[in-house]
Amino acid sequence: MAEYSWPRRGTTSLIDTEQTRIDGVAKASGAAKYSCDINPKGTLVARAMGCPHAHCKIKSIDISLAKDVPGVVLVSPAKAIGDEIQWQGDIIAYVAAETEGAAAEGVAAITVEYEMLDVFVDDQHLAAAEAADRTGKPLSNVQLVNEPGDDEDEEAFEEAEIQRLLEASDVVVEGNYGINVITHMCMEPHGSTCEWNGDQLTAHLSTQNVSGTAGQFADPLGITASDVTVHCDFIGGGFGSKFAADSWGVACAELARQTGRPVRLMLDRDIELKTAGNRPSGFIKVKIGADKNGVVQVWDSQQWGTSGASGGGVSQGVVPYVFDPENRRRTATSIATNAGPQRAWRAPNHPQAAAITHTAYDDVAAALGIDSYDVFLRNLDSVSNDKADVYRAQMERAAELMQWKSKWHAHGKGEKKGSVVTGLGMGIHTWGGGGHNSTCRITIHPDGGVETALGSQDLGTGTRTVIGIVVAETFGLPLDAVNVKIGSSSYPASGPSGGSTTVAGVSESNRRAAQDALAQLNELVAAKLGVGAADLVAKEGRIQASGDASKSLSWKEACALLGMTPLEVNGEFRRGEPSSLSSSQVAGVQMAEVAVDLDTGIVKPLKFVAVQDMGLIINRKTAASQIYGAVIMGIAYSIFEERIMDLQTGAFLNAELADYRLPRLGDIGEIVVDLWEPDSEYERGVVGLGEPPVISPGAAISNAVANATGVRVPVLPLTPQRVLDALGSA
Amino acid sequence: MKAFEYAAPRRESELAGLFSGRPGATAVLAGGTDLVGLMKKMIVAPDRVVNIKEIASLYGISADSAGVTVGAVTRLDEMLDSADLDAFPAVKQAIRGINSMQLQSQGTIGGELCQRPRCWYFRNGCGLPTELGRMVERGDNRYHAIFGNRGPAKYVSASRIAPALVALGASVRIVGPASGEAVEGPPKNGAPVAQDGNALGEAIMPLADFFVTPRAPHQGETVLDPDQIVTHIHIPRDEQIASATYEVRQSEGPEYPLAAAAAALRIEAGVVTEARIVLGQVAPVPWVSEAAAAAIVGQAVTPESARAAGEAAVARATPLSQNRYKVQLARVSVERAILQAAGLETGGF
Numbered sequence: 000m001a002e003y004s005w006p007r008r009g010t011t012s013l014i015d016t017e018q019t020r021i022d023g024v025a026k027a028s029g030a031a032k033y034s035c036d037i038n039p040k041g042t043l044v045a046r047a048m049g050c051p052h053a054h055c056k057i058k059s060i061d062i063s064l065a066k067d068v069p070g071v072v073l074v075s076p077a078k079a080i081g082d083e084i085q086w087q088g089d090i091i092a093y094v095a096a097e098t099e100g101a102a103a104e105g106v107a108a109i110t111v112e113y114e115m116l117d118v119f120v121d122d123q124h125l126a127a128a129e130a131a132d133r134t135g136k137p138l139s140n141v142q143l144v145n146e147p148g149d150d151e152d153e154e155a156f157e158e159a160e161i162q163r164l165l166e167a168s169d170v171v172v173e174g175n176y177g178i179n180v181i182t183h184m185c186m187e188p189h190g191s192t193c194e195w196n197g198d199q200l201t202a203h204l205s206t207q208n209v210s211g212t213a214g215q216f217a218d219p220l221g222i223t224a225s226d227v228t229v230h231c232d233f234i235g236g237g238f239g240s241k242f243a244a245d246s247w248g249v250a251c252a253e254l255a256r257q258t259g260r261p262v263r264l265m266l267d268r269d270i271e272l273k274t275a276g277n278r279p280s281g282f283i284k285v286k287i288g289a290d291k292n293g294v295v296q297v298w299d300s301q302q303w304g305t306s307g308a309s310g311g312g313v314s315q316g317v318v319p320y321v322f323d324p325e326n327r328r329r330t331a332t333s334i335a336t337n338a339g340p341q342r343a344w345r346a347p348n349h350p351q352a353a354a355i356t357h358t359a360y361d362d363v364a365a366a367l368g369i370d371s372y373d374v375f376l377r378n379l380d381s382v383s384n385d386k387a388d389v390y391r392a393q394m395e396r397a398a399e400l401m402q403w404k405s406k407w408h409a410h411g412k413g414e415k416k417g418s419v420v421t422g423l424g425m426g427i428h429t430w431g432g433g434g435h436n437s438t439c440r441i442t443i444h445p446d447g448g449v450e451t452a453l454g455s456q457d458l459g460t461g462t463r464t465v466i467g468i469v470v471a472e473t474f475g476l477p478l479d480a481v482n483v484k485i486g487s488s489s490y491p492a493s494g495p496s497g498g499s500t501t502v503a504g505v506s507e508s509n510r511r512a513a514q515d516a517l518a519q520l521n522e523l524v525a526a527k528l529g530v531g532a533a534d535l536v537a538k539e540g541r542i543q544a545s546g547d548a549s550k551s552l553s554w555k556e557a558c559a560l561l562g563m564t565p566l567e568v569n570g571e572f573r574r575g576e577p578s579s580l581s582s583s584q585v586a587g588v589q590m591a592e593v594a595v596d597l598d599t600g601i602v603k604p605l606k607f608v609a610v611q612d613m614g615l616i617i618n619r620k621t622a623a624s625q626i627y628g629a630v631i632m633g634i635a636y637s638i639f640e641e642r643i644m645d646l647q648t649g650a651f652l653n654a655e656l657a658d659y660r661l662p663r664l665g666d667i668g669e670i671v672v673d674l675w676e677p678d679s680e681y682e683r684g685v686v687g688l689g690e691p692p693v694i695s696p697g698a699a700i701s702n703a704v705a706n707a708t709g710v711r712v713p714v715l716p717l718t719p720q721r722v723l724d725a726l727g728s729a
Numbered sequence: 000m001k002a003f004e005y006a007a008p009r010r011e012s013e014l015a016g017l018f019s020g021r022p023g024a025t026a027v028l029a030g031g032t033d034l035v036g037l038m039k040k041m042i043v044a045p046d047r048v049v050n051i052k053e054i055a056s057l058y059g060i061s062a063d064s065a066g067v068t069v070g071a072v073t074r075l076d077e078m079l080d081s082a083d084l085d086a087f088p089a090v091k092q093a094i095r096g097i098n099s100m101q102l103q104s105q106g107t108i109g110g111e112l113c114q115r116p117r118c119w120y121f122r123n124g125c126g127l128p129t130e131l132g133r134m135v136e137r138g139d140n141r142y143h144a145i146f147g148n149r150g151p152a153k154y155v156s157a158s159r160i161a162p163a164l165v166a167l168g169a170s171v172r173i174v175g176p177a178s179g180e181a182v183e184g185p186p187k188n189g190a191p192v193a194q195d196g197n198a199l200g201e202a203i204m205p206l207a208d209f210f211v212t213p214r215a216p217h218q219g220e221t222v223l224d225p226d227q228i229v230t231h232i233h234i235p236r237d238e239q240i241a242s243a244t245y246e247v248r249q250s251e252g253p254e255y256p257l258a259a260a261a262a263a264l265r266i267e268a269g270v271v272t273e274a275r276i277v278l279g280q281v282a283p284v285p286w287v288s289e290a291a292a293a294a295i296v297g298q299a300v301t302p303e304s305a306r307a308a309g310e311a312a313v314a315r316a317t318p319l320s321q322n323r324y325k326v327q328l329a330r331v332s333v334e335r336a337i338l339q340a341a342g343l344e345t346g347g348f
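Residue numbers (numbering that gives the first Met the number 0), protein chains in the order written: chain A, 0 to 729; chain B, 0 to 348.
Next comes chain B alone, as it looks inside the complex (with noise of 0.2 Å):
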């Protein structure tokens, strides 16, 4: 690990002037849990960490009738016992699907959804996620995307919960200097305000468009500049919302999935009225198919629904040399995070 500047602030506010808008030579440190790997292997080098785990306006939980906003620094498992986020089934089985007390007690959700590829290209000090494409291409890729992977990035997002958390139509609430291009829009949904409106602004915008596949070196894998933090994520109260996030991992262990959906169905009369379908660990951004979706709307969830559902997702996915079986595996995920949202056996593990 490179000696490296620390700061821990207490305050929104003091964000100010922390962070340098060069990249790389600033990292945010909440549960740490991807950043001191990282570091300890030299991936990332920064000059300078700041540890936003101090400021108590980025914790917690809270509720109304519009939905719920969680901290960045909150918790994985403080999450999972929350009664609040009970409304969202999705969101707390992809977090129970970590399999890991270690992560869970440790990482935060604003470090889940920010945390690098998992390319082991990548960690393996070959170059940033999107100088690899051809070295993915040619070589290993039996874990990366069989969607979005026409550009340079060939890794797929590696956040566990995001698939959830986009479905549900949540949106993310960012900080970063008053003068940085992301920054418009009052602030919404009862989260903080920056203390200091000169130095600091916000913006909201939906998770689903938080994600980006970068088309060129230092891109990153988010809309984030260097200099800006994700501090809230506010997931949209609705009651009709029935969900669920199906992943297929191996092991009981810890490893990343090999594939994974959420869905979001609205459940009228038995006929499924409107859907969303996010698929996991299978493109550099958690992918919304329109596809699978538009499947599903009209229908009533039976096995065969779903499956066709599932073959909509997938229709138009393109394998790299060795993954095509994740082609089976999205459509399987997706197949089954529709029946377990409806709260039907999924005929599997």
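The shape of chain A in the complex, shown without the other chains (with noise of 0.2 Å):
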């Protein structure tokens, strides 16, 4: 069977409707195993030590107290002398011990001799880090209507062409935006348990990469891909940082070899924060030029911002974001910092460009002293996608959940009621979404049984139940009937959990395999009927001739026709190969509504809309549920969370969740998810949703501050003390 289809929109009892996760009663009930939760018999608890400073050489590693402590079974370290160490908490040495006490005493056991070298941290200031010859070439990127004529200098041009193009505007907007390093925040730190039975390594590893992650192992530790099996029924979040093994995953398995025993390293929440992964900053002096009517005519930009010690910062690809505007000039210098390494974090670069570039249009609209919303409408025509159309679509259904117009005031000008004023502003954003490689292997038994296996993960987003939909749909089963096997690589490989890339990437195999598993059960029925194969349709738990209820089977008397031997389908899913199940490409725009205590600095988020399409929706519940978490993570990194770092020591200095500012959910106010979904939704396929409603929480909710208070708070977090800087008033 070559065609694939979804069934017709309204026709379906499972897809498109909201189903409860088919795991969730595991995961409330604490009967879900995690990582650190696997405790065969004898398991050892390693733990890392983590270096204190953030730029040394070893000079000597002293392991011999370390080995005497009671309880100690292994000390063994992970740096030789004369390594150098690039930030705090980079980590020195492992030590497997019989408790985790044990574990803890041996870590402070062990004597390192450092030789201290220079520290910069300080991301936040271009000229500090030039001062200190941190900085990388910075890297221009132009784009110009008119070009320079034969004979003439191509720089002394486009500088030329901005200014003349600056000069022309009706306004011209200078302003500083920014947003700091925030690190990844998953509950359930990185780890695993490793356990060997003579050269097969098992390894239990927190990751959003089952099949991808046994050769990473395997390399390192001298066996192949083959004799390594990677287990993860359930992940505590993962957001990008655990595609891979990690060489703590590697130490742990190295550990569980050399002491013959299971290990579980699980790393501690500050060394889990300082080194485990981060989502770089990004700063930036931005010149606007724009028309009257708010329509951006000119770009001019020059970023910063640091990875970590390689330098790094946000891509200046996605500057300005969205929006392309036809005469745009932008540079960027990466920083190198004595901080850890970036990690792909939820939508990676998009929530950075979008604080920093969405606020800068939205202070063309306060100097034009015009509703942002019409400059934004107005500058559709530059998106750098092919959905002004759904955006134009979307604005309006988000203003009419917000009661844009009716709030709507000019920036600064709204009421006062004691300190507190309030204000409205909006993002839009853009994702890809399409499916990743995807392989499953569905198995009908005779006895009616139906089972599906694939080397797939659930982040907590939903695909254990959404592989289940699509599997039970296409068969007319109800949905516990469907045994979903995923979270382990000996099942067939699917992609990473990553980049949006997983729902329609199982769904896209599942429905193949189904499908065609279908068909095959499909010939033995209408043999049994005696109607045509075509005729047959599967729902209710029968399989049926389409307008003769009279003749039909019911699942189980129509899977014993298969006789002994269970009909097992593989199904499989290239990325980027055409397809009528999945596409790609996502609009969204969002809108907050926030109070502000002008006496105080204390912003308070009361109403966030978010408009998302995705395609075709498989499960309801969930993907609502997805925009609900990434509108909260997104109140995060707008008002609490920031790395902070000591600029004389490097140290990370709120590497805990004590001192890592986060919300709760008082702190979130009203959120309105509106899953927005005309036919061509539906019809366009499944389509990821992960990151997209991430995006524009910073901007949205910057530009309600400015709109509330008349002024700019430049750098995001938004806290307290950044807003009555702001304002003057500190």
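Think of the hints as simulated: they come from the structure by calculation, not from any bench. It is possible that some hints are incorrect.
Cβ pair distances, simulated, as ranges [what the hints assert, rightly or not]:
| no. | chain 1 | residue 1 | chain 2 | residue 2 | range |
| --- | --- | --- | --- | --- | --- |
| 1 | B | R315 | A | D67 | 37 to 45 Å |
| 2 | B | P216 | A | V170 | 57 to 65 Å |
| 3 | A | L646 | B | M100 | 31 to 39 Å |
| 4 | A | L646 | B | R315 | 26 to 34 Å |
| 5 | A | D658 | B | L343 | 49 to 57 Å |
| 6 | B | P216 | A | Q199 | 32 to 40 Å |
| 7 | B | A7 | A | D67 | 28 to 36 Å |
| 8 | B | Y5 | A | L400 | 54 to 62 Å |
| 9 | A | Y113 | B | S104 | 30 to 38 Å |
| 10 | A | D658 | B | V270 | 40 to 48 Å |
Model, not experiment: these values are computed from the prediction. Positions of the beta carbon are idealized from the N, C-alpha and C atoms, including for glycine.
Two chains, two frames, some hints: make the complex.
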């Protein structure tokens, strides 16, 4: 069967409905086992020792005292003499012990001599980074309508042309914007429990890449990927930080091999925050020229930021974000800091780009005294994707849900109640979301049992349930009739869950396999009933001739026709191949309403509207849930979260949950999720949803604060200190 | 966590001899919400941990006409539930503000008062709170002191409840070896007397004097010697006093406030005749502002007079390089604590 398709809209029993997670009870009750719950008999506990210094060289490592600590079984240095350490918390050694306490004491008993080197962690001030010789070569990218003459110097022309365009603009807005580094903050830190059976390694790894990590264990351990099985039934968050086996995962396997016992190694929270990934910072100096309607004519920006010791920062490829004016110049400088390395963080680059550029667009509205909504609307002709019409429609819907028009006031001109003002702000975003490679194996047993197996993973997003829905819908069965087997590398390979690729990938492979399997089963049923196979439909637990309910078999009766052997059918999808089941590219509009206490600088989200397209929706409940979660995560980085580094020592000062500020439920306000779904969305098939709704909150909230106060608080998160500083009252 | 000896005395008298006079050698365990974290990070590494939660006489709330006595190991949620403490809204508001059921149901009042500073240099193992003055001065001091910060101590007193208790004129009972300097004066206020009078003695002092700003390393944040513990807190009853705690909290989480103030006001015929204003999270001790009290005494509480008191409170603040904003927040805290004590709208969130 070559043609795959989804059932027509309105004819489904599970797809496009609200279904509760099939593993919800297991998670809520504690029955679900995470990596650190795996506790085979004799398991040793391992602990990592983090370097206390941000930049140094190792002169000596003495583990003799640590080995003598009662309960310590093995001490294993992770660094050698002479190695240079580039950030505080980089792992120096591991200790495996009978108990957590002994492991901790063992770590404390390791003596390391360091040669201290110069420390630099200030990513916010470009001049300071230049003075410290920590900047990379600035990268420029220029796009202009006019071109230089044959004999003209290109750079001189560009400079003159930018200046000319700025002078020709009705309004020029200059501003500084920024967003600090935030760290990954999965509830479950990185880690694994590893056990060997002879030369065979089983790694219970907290991973968003079940099918892709076996080889990462194998190579450094001198075995092959075929000797490794990776398991991850449940994961307490990944968000882009858990694609790899990681050096500490390999170390856990090595400790297990050397001690001959299972070993569990989960990172402590402080090492987790310092070492296991963060989101790069972005700071920008912008000059925008716009016409009197707020349509941007020219964009000129210089940005900088850091991804850690290797430099980096926010990609200039998404600056300005979504909008791509015909005339623009952008320069990006990377700053190397003595800080842990970045890892993909939900929609890499996009949230920062939105926060540092849609704020500048909003300042155009403020400068002209016009409605921010109109400025976003009028600039839609310059969007970098083909979604201008979708944005228009979504903006209209979002405005209706926010009651934007009736609530709007010019920047800083709202009513003040006591010391409290309110304001509105918005942002728009874009993402791909096409499916990843995915293979699955569906088995129909002669007794009617159905299972599907694939090496995918459920990050908490509801992937397990989505897979069940797709298979059950195809077979006309209830959701609980399908046994969904994921979370093991022994199953058919499926892609890593990153970039919003999972839902389309696993829906593709499972729908294909299920349709093929049903076609094979229908051949048997057709012969039995004496009808054409093409005339059969599977619904409500039966396979029947369409239009003739008297000719039917129950699912169980139909499966019995298989005889002794189960029917196994593989489904396969390759990323990028044309398909009627899935597509890619989404838009999305978000609006925030906030209150600001001018006396304390505290920002309180009142209402947040998220309008999001995502093609065909498999499970409405988990889709909405994804958006709620993304908005909450967005509020966190907009108002609360930041990595705070000590400029003197390079210490990561708030690397624990007591000091790393995060919002609580009462700090979130009302969230209105709108699943944007005209028939055209259903028709284009499944598209990923994970990243897009986390992108716009920074811009929307910062713009709302600017609208409320009449002042731009330039850098996110918008802490009371920064708000008061911007208001000039501190 | 370093291995340690564990003692769980059942009676106050059994405390004798359990504590070492050497700083850091013994640690008092009550709720453990602060101590256990510090021990896990090996910021403190005692040889012996003495769990005082099993001592029945240190537990519970008792009231009489003179006031209310709260045993040091009484849990914060029990204080919230106690009708005896309804007369002291500043105390209940401070406990509610902790915003964490875990801390409220595990933490004790004695531990809350004796918790160590939240200074992140201290918590990151850079040294004792008193050794970090220069580091804080040159470093990230956004949450540090804006008062009383000229010496080596630049952290802020962590206690959330102390400002309210100090404003209400609470006293504290301390027990330690009979030879200890702080041990003098007769037992008062119905607090239990140590059963072994030979080995242990007690002292009762105003809570305002309990907190000290250390001038040298190894001086603690309180008057307690390493072999002394807090056993009871006594709040005097005064029906005429209106009180409130106002904390500037960025979130509804358990994070510490950016600034706070407690106000205890005697209001007669619409005019404040006596006031005690104590700021929290702004100095190494709960910071008693005589200036704020003087500004509001003789006035009716109005938005204007409250604001003037707030301004008086911060007139002599000495912010560090990065915490000037806390001066504004301290001012607002005082203003809003006064308004709230008088039952008026605070005007903010």
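So, going through the hints one by one against the coordinates:
1. Between R315(B) and D67(A) the beta carbon distance is about 55 Å. The supplied range of 37 to 45 Å is therefore violated.
2. Taking 57 to 65 Å as the suggested C-beta distance range, the pair P216(B) and V170(A) conforms, at roughly 59 Å.
3. The beta-carbon spacing between L646(A) and M100(B), approximately 37 Å, falls within the hinted interval of 31 to 39 Å.
4. For L646(A) and R315(B), the hinted distance range of 26 to 34 Å is satisfied, since their beta carbons lie about 29 Å from each other.
5. Look at D658(A) against L343(B): about 34 Å separates their beta carbons, and that is not inside 49 to 57 Å.
6. A hinted range of 32 to 40 Å is violated for the C-beta pair P216(B) and Q199(A), which are about 56 Å apart.
7. In this structure, A7(B) and D67(A) meet the distance hint of 28 to 36 Å, their C-beta atoms being roughly 30 Å apart.
8. Between Y5(B) and L400(A) the beta carbons are some 58 Å apart, a value that agrees with the proposed interval 54 to 62 Å.
9. Checked against the hint of 30 to 38 Å, the pair Y113(A) and S104(B) fails, with Cβ atoms roughly 43 Å apart.
10. Between D658(A) and V270(B) the C-beta distance comes to about 43 Å, which sits within the given range of 40 to 48 Å.
Hint violations for this structure: numbers 1, 5, 6 and 9, all remaining hints satisfied.
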